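**Student:** Taken in sequence, the protein lines are chains A and B.
Under the numbering used here, read the first sequence as residues 679 to 1057, first letter to last.
Under the numbering used here, read the second sequence as residues 290 to 577, first letter to last.
For the record, the hints were derived by calculation from the structure and aren't laboratory data.
Bear in mind the structure is a predicted one, so any value in this text is a computation, not a measurement.
For glycine and all other residues, C-beta sits at the position ideal for the given N, C-alpha and C.
A couple of the hints might just be wrong.
Lysine-lysine pairs mimicking DSS-like chemistry, simulated, CA-CA at most 30 Å apart [what the hints assert, rightly or not]:
1) B:Lys576 / B:Lys331
2) A:Lys911 / B:Lys408
3) B:Lys541 / B:Lys408
4) B:Lys505 / B:Lys576
5) B:Lys408 / A:Lys880
6) B:Lys575 / B:Lys320
7) B:Lys541 / B:Lys502
8) B:Lys505 / B:Lys402
9) B:Lys575 / B:Lys292
10) A:Lys911 / B:Lys320
11) B:Lys408 / B:Lys331
12) B:Lys402 / A:Lys880
Derived list of chain A stretches under chain B, where covered just means 3 residues or more per stretch with a C-beta under 8 Å from a C-beta of chain B [stated by the list, open to error]:
13) 706-720
14) 890-900
Here are some chain A residues pointing at chain B (derived, C-beta under 8 Å) [unchecked claim]:
15) Ile737
16) Ala739
17) Gly741
18) Asp745
19) Glu750
20) Asn751
21) Ala760
22) Gly761
23) Gly978
24) Leu979
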Amino acid sequence: MNVQRVVEPDYLFFEAKREKRFITGSEAVKEAIKRANVDIAISYPITPQSESMHLVGDIYAEGYLQDYFRGENELAVMSAAAGASMGGVRVFTATGGPGTLRAFEMFPTWAGTRLPIVCAFMTRGVNSPLSIQPDTIEMAFMLDTGIIIFHAETAQDLYDMLLKAFVIAEQTDVHIPVGVFVDGFFVTHTRVNVEVAPEDLKLPPYNPYSAPVPVMDMENVPIRQMRDPFIMKSNFISYASHASWQQEILAAAERARKYIHKYLGGLVEAENEGAGILIIASGTAVSQSREAVALAREEGLDVGLIKIKSIRPFPTDELRELSRNARVVIVPEFNRVGWLCREVKAAIDDATKVVGGPRVFGGMTMPPELILAEIRRYR
Amino acid sequence: MNKNLFTISPGFEDVMPPEYRELVENGPFGKGLGVSDLGTFKELLEEHPLCAGCGLALSLRLILASLPNPEDTVIVGSTGCNSLAFPQVAVHNIHSLFGNQNAVATGLKRALKLRFPDKIKDVVVIAGDGATADIGLDMVLHSWFRRENITTIMLDNEAYANTGGQESGMSWLGTVLNMAPRGKKFPKIPLPEIAREAGCAYVAVCSPFNPKKMEKMVRRAILVARETGPTYVQVFCPCPTNYKFQPREALKIVKNREREETYIAREYISPAAQEMLSRLEAEAVKKE
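With these hints in hand, go ahead and build the complete structure from the sequences.
**Tutor:** What follows is the structure, encoded as structure tokens:
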């Protein structure tokens, strides 16, 4: 059995000496959860997520978690995660693609119940026709569930965002779930250098009484009310309660911004943002765009790149400011619907300068040349 | 629960709602009360909004009065008529979605086991027949297959009552209901027998018209779930509103169904559960 020492989050994130590991994205999940002091993890297989939860199972067997089991389907897993979280423990789970949609009803419920669950989403195509290949279309469905959404570019991001997600989710003035999304296969199944904190360190345990709502443990006053704002009466007070509760969930995500700044260094990262041609992307589309920017530079083209790390809350003010001088904004995406393009258009002052594309989907890769071709059109 | 937690701070007595004061002064917590004591203490259910003659409302009152450990019981409900009453129940209770109650209870029970290893925390699912036997059947069964330490109680009014009287899997063969305009085409789901085969250590079928028997079954189910394994209680609670009988006739309906043998009170007890119950019940007799 491993003896781990609890340290302050800031120490674990910023001060502890890190070592380099040559690992896959799935292994980065394991390394993060190993240090996250998680009480219960609940799993269900789906490609490309399965391996990450196998590995979390392995560290449960080694004693890093207190409980772990395989549920019967994703809706049941997300429901069990909700029950555990309402019971006052720290919970982790993961899914992707069709699993995300199977479980969908639970995500607004998690947010509405103020549960600080952290879930990894290894994105993939959504049926039909059947596809297990990379695609970020599920994120389009998740945008308005009320949960906080981070989009990792690399396995390093995945490791960092997962660990920090617990700390952000559990702040009393936030206390809503965080989904850490990562592009399946491209990140989960490839191997890179990831810097990780020493494995004998872990986050402080979750304090259930930091929740802004009662913990369902009969250790606090059983006033006649449910944990959820169960508003089933037909009168204005009921409608007003429900309406204000919904607004409070949105406000909780807004209040997360300061913690995202503190722990993730902001909602975006910008490179050469003053350029006339600007690429705005998230996930592995950022990596492909970075290659394209380098190729463009060789041709003497001045191109900037903005990486969005937080999709919810969305960096509206940041994008408006950073895109002010751009003539053209290119938004490459790994999905058909172009959800990020829609978000960017809604955020910046002049939506007519936003170019939706290139978009690849159905499992295709996005060669940098494809983005370069888009850049050349606007030289 | 530490009872000191919900005493009223000095000076606030007059501003607390009267039903809360009654609960503090005369509630059932920590007193070991039962259905025979009804009328002498402040009940856990306050002014429910269910119909006159509702068998489900009566069942819920009796179940709450039967809880062996109300001060450390958390209830997981589901969508349905009963969910209209739960906001007025004075133990922690969860409404999550329609049908996911046994999965929620699974996570909750495991969390409470981790947080309170030396304390009994009963997790009791109370849901309707639609929630238990139809939309939530997979999660109900899997919680039994996994041998989760939870009690599942079905309030069986043999229909989707809250949505306007539609056929459920627990409706009787041939019954004409909404969405079954020519009568139900398949028999009532034999969930008690399925429960026995699925790993429940204790299974009981009862109705609220024999309160003492029902209390015994609910208590047995909760006690067995603590140590031995999952348990299931199916409570037949006729619905006057959707089955179109007079509110005062609910008891007659149960009696008729008993005579027709379309409602049969019964128990299935596993050997391990029997051993445990015999021990506990012998100890209880000795105490008396």
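**Student:** None of the hints should be skipped; say for each whether it holds.
**Tutor:** Structure-based check of each hint:
no.: 1; hint: B:Lys576 / B:Lys331; result: 26 Å, holds
no.: 2; hint: A:Lys911 / B:Lys408; result: 37 Å, violated
no.: 3; hint: B:Lys541 / B:Lys408; result: 43 Å, violated
no.: 4; hint: B:Lys505 / B:Lys576; result: 17 Å, holds
no.: 5; hint: B:Lys408 / A:Lys880; result: 27 Å, holds
no.: 6; hint: B:Lys575 / B:Lys320; result: 19 Å, holds
no.: 7; hint: B:Lys541 / B:Lys502; result: 18 Å, holds
no.: 8; hint: B:Lys505 / B:Lys402; result: 25 Å, holds
no.: 9; hint: B:Lys575 / B:Lys292; result: 28 Å, holds
no.: 10; hint: A:Lys911 / B:Lys320; result: 33 Å, violated
no.: 11; hint: B:Lys408 / B:Lys331; result: 25 Å, holds
no.: 12; hint: B:Lys402 / A:Lys880; result: 22 Å, holds
no.: 13; hint: 706-720; result: holds (count 3)
no.: 14; hint: 890-900; result: holds (count 8)
no.: 15; hint: Ile737; result: 17 Å, violated
no.: 16; hint: Ala739; result: 17 Å, violated
no.: 17; hint: Gly741; result: 14 Å, violated
no.: 18; hint: Asp745; result: 5 Å, holds
no.: 19; hint: Glu750; result: 4 Å, holds
no.: 20; hint: Asn751; result: 7 Å, holds
no.: 21; hint: Ala760; result: 6 Å, holds
no.: 22; hint: Gly761; result: 3 Å, holds
no.: 23; hint: Gly978; result: 57 Å, violated
no.: 24; hint: Leu979; result: 52 Å, violated
Consistency note: the structure conflicts with the earlier hints numbered 2, 3, 10, 15, 16, 17, 23 and 24.
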